[in-house]
Amino acid sequence: MQAEQQLRDSLREIHDLRAALDEHAIVAITDPQGKITYVNDKFCAISQYSRGELLGQDHRLINSGFHSKEFIRDLWLTISNGRVWKGEFKNRAKDGSFYWVDTTIVPFLNEDGKPRQYVAIRAVITGRKAAEEKIRQLNAELEQRVVERTAELEAFSYSVSHDLRAPVRAIGGFARMVQEDYAAALPAEAQRLLGRIHENALKMGRLIDGLLAFSRLSRQPLNKQKVMVSTIVHRVLEELQPEQAGRRIKISVAELPDCQADPALLQQVYANLLSNAFKYSRERNPAVIEIGSHDEKGRRVYFVKDNGAGFQMEYAHKLFGVFQRLHSADQFEGTGVGLAIVQRIIHRHGGQIWAEAEPGRGATFSFTLDGGNSHV
Amino acid sequence: MSEEAAEMLLVEDSPDDVAFFVRAFDKARLAARLHVVSDGAEALEFVFRTGVYAHRNPASRLKVIFLDLKLPKVNGLEVLRRLKADPRIRTIPVVAWSSSQEERDLVESYATGVNSYVVKPMDFDEFERSVQALGQYWLQFNQTPKP
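Residue numbers (this note's numbering), protein chains in the order written: chain H, 575 to 950; chain R, 949 to 1095.
So that you can see chain R by itself, here it is in the shape it has in the complex (with noise of 0.2 Å):
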């Protein structure tokens, strides 16, 4: 086994529903690293490895992201597009984390290639439940080719 680092990146602007998701995510004891960013311009710079992220240590494996869908500067649709785009980045997993439960962003999301599609439950102790479920299956049991 080699010692690459496991990483979920969790992009979310509601510092609610950031404190909410951390919070399932410690308590589902998931064996990977969580980064949290707030923007869209932030998560394709962690992603790609430029700005502020130009150093992250390039032996971790991005596993799987969770992106909402509205976001600040670049939005979540925009993101899926761009990652969706780069062949290198393309084979990572991303679940579209959402509010909204309009047939469109539905639409417009598995057009653009998302992987998986899950409303934020309203439900706390279902919300606490969801985030272990998902972060086991995408962490844990599904799996992606080598970068």
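Bound-form chain H, shown alone (with noise of 0.2 Å):
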């Protein structure tokens, strides 16, 4: 008797999580050959097709001709070996209309391990699908339109460079023409003030120059590829041989351990830190430079560090700023676009780039690759 009761109530059990399937999903049942041997309502009503128009078929029926015969052969190798297959399908109703369901089948299988039968859980996407598809027709008109104001944008610094830079020069050259054809006619002061015209139009000369090399960089297709960072560190050091000629500087470079980056851009980033940690280090005798690399919170950090002039931190988000500079310019040249154009290049590679410093004291710079981990 007790057992009778059992029975029924795990039947009821069985029946009311039946109850609420049918309410909640679309039901199917097929044989191992892939006949239909049980659909529920929810499957009747989406189809379209009458329950004795499914019997005895197979997902035939409902194929949209959508998905490859791969994808169909990687569902069948799936189930057929005994495996759990989930995934998105598009089928097609009776009246020739498509949708969308989210399916799971899972496998049953008899004593010898053989699939006995597939149940097949579906619900309905087709509304998310047709969101995601709108989205994706979004973002692909977005990127068309980014294509085409970045061309305007091209355009528009092609003629400024041209256009700038001709006139500047003119007004240099022609100070410059005046003082050599009229040094003789020239009180002192003149002269003197004719030099300043002369200054003034090389540093917007340079100015220019920097606004079009940031420009041009935000347009240069990122070439990213595994990088050597000591052999770029090393190479830039020699390159910047002439600013080191003539003082006493100590330049340790630590193992620094190889990452993905665009090896011109990241050498860029290594040639404007380090000319900057030179300036700023020259009224130190000994310059200590530092350039070295540790793990920090699972991110590879690369630095830069130097115990020149610094600054004081409440001046640190300016920094990077395009024309932002933190010393005057009789104090340190320099135009304001350095750090601008490392901080552009870290950014298109996903990085950060922040500054440590202390005035008198020397600043750090540091700057990751990537946004999570950097290791290659």
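Calculated directly from the structure, the hints in this document are not laboratory data.
For clarity, every value in this text was computed on a predicted model and none was experimentally measured.
Check each hint, because a few of them may be wrong.
Which residues of chain H face chain R? A partial, calculated answer using Cβ under 10 Å [what the hints assert, rightly or not]:
#1 Ser733
#2 Arg743
#3 Ala744
#4 Met751
#5 Met778
#6 Gly779
#7 Asp783
#8 Arg790
C-beta: ideal position from N, C-alpha, C; glycine also.
Hints given; two lone chains; assemble the complex.
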């Protein structure tokens, strides 16, 4: 009697579960050959076929033709080997309309380990797929617009390069010509003022070139590959020899792990950071410059450290802005583009850059090359 | 030695840049005659001895062309293309003398057969040094086959 009660209880349990499942999902059962042996009402409703039309058929009846042969083969390979298959499927209803279903197919095996039947549970996701498609289209449109705007920007900066450089060169050049040709006729003060015109024209020229270098950088495609960072650092140090001439500088280069980056752009990063380090430490004897890397919260951090002029941390946020300078031009020359370029390069690699400093005690610039783990 | 006169052609539309170039050229005391034309069409007439240049001295020898890229009428790259398409003219060295540091301009110029690409220096003193050094190189050191 107790056994009978238990059986009744578990049958009711199964019945309840099934009723709930039928409310929620599209359910079908097929035999090992793929013939449909059971469908619930939801299956009939969505496919628009009656139960009688479906039973004994296989799923080719609702095949949309959307999926590749490989996709279908992979599905069968998975379930006939007794593994669960999950995926998204596009089906065709009787009236020719399409619907998408999120599908789980569970194979049930007999005593020999061969599939006895397959139970497929599905949920309609046509709306979500349409939304996804819409997003994809919008993204494509957006990308197209970015391409167009970039081309406009390119045309603009091209004309800037040509049209602004020429008059600036002319201003400096004519001032120089007057200085040279009328040297004898000009009082010393006039000579000095002409010199100032010439210097300022040069400075403006450097600013224009800096701005153009910055805009070129944004348009240049990123050529990411495995990069030996120490090779790059040594090459840059070699190139910066002239800035080290006649100075006592202690340079230490730690072992630097390889990374994924655009080699030319990473070289530009080190060139700018190191030339800054040399520049701002030129009043130190000896200048101490340290190039290294360490792991921090699972990220590989590269850094360049100097014992130079440093800066007040309250101005750190201004450091990477275009034309932003924390030192006056007669103290340390520069255009204020170098660090903006460095930051742009690092951001384009998906990395971060920051600086720590103290006035008179040097600065450390640290960067990562991608958001998370930057190991190769 | 033949009596042919060495010539150098500057194709430049900016009167300021012409003034600087001519001054630098004179200062450098280069052994050539400098001709200046201000647009692409005139440059082609000069080189191919057509139009107003139909009677240009047949004995003169054009040793190098300094070509600005952004020019009125026929632009610099088109001038370059037509020069390099002619087997008799092709061997005359062409130096792109440009304000542009655009990678695209460099790539296109070299693809079209330019012999050298120099960005006009912003600094007047450097501008003069460049004209002197380039003039010396292309007029004195560089060798080209007889046309």
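Evaluated hints:
1. With a least beta-carbon distance of about 9 Å to chain R, the hint placing Ser733(H) at the interface is held under the 10 Å criterion.
2. The interface hint given for Arg743(H) holds, since its Cβ lies 5 Å from the closest Cβ of chain R, which is under the 10 Å cut-off.
3. At a threshold of 10 Å, the smallest CB-CB gap from Ala744(H) to chain R is about 4 Å, leaving the interface hint in force.
4. Checking Met751(H) against chain R: minimum C-beta separation of about 7 Å stays under 10 Å; hint holds.
5. The restraint placing Met778(H) at the interface with chain R holds, with a minimum CB-CB distance near 9 Å, inside the 10 Å limit.
6. A distance limit of 10 Å between C-beta atoms decides the matter here; for Gly779(H) the minimum to chain R is near 3 Å, and the interface restraint holds.
7. Using the Cβ-Cβ criterion of 10 Å, the hint placing Asp783(H) at the interface with chain R is satisfied: the shortest such distance is roughly 7 Å.
8. With a least beta-carbon distance of about 7 Å to chain R, the hint placing Arg790(H) at the interface is held under the 10 Å criterion.
Checked against the numbered hints given earlier, the structure satisfies every one of them.
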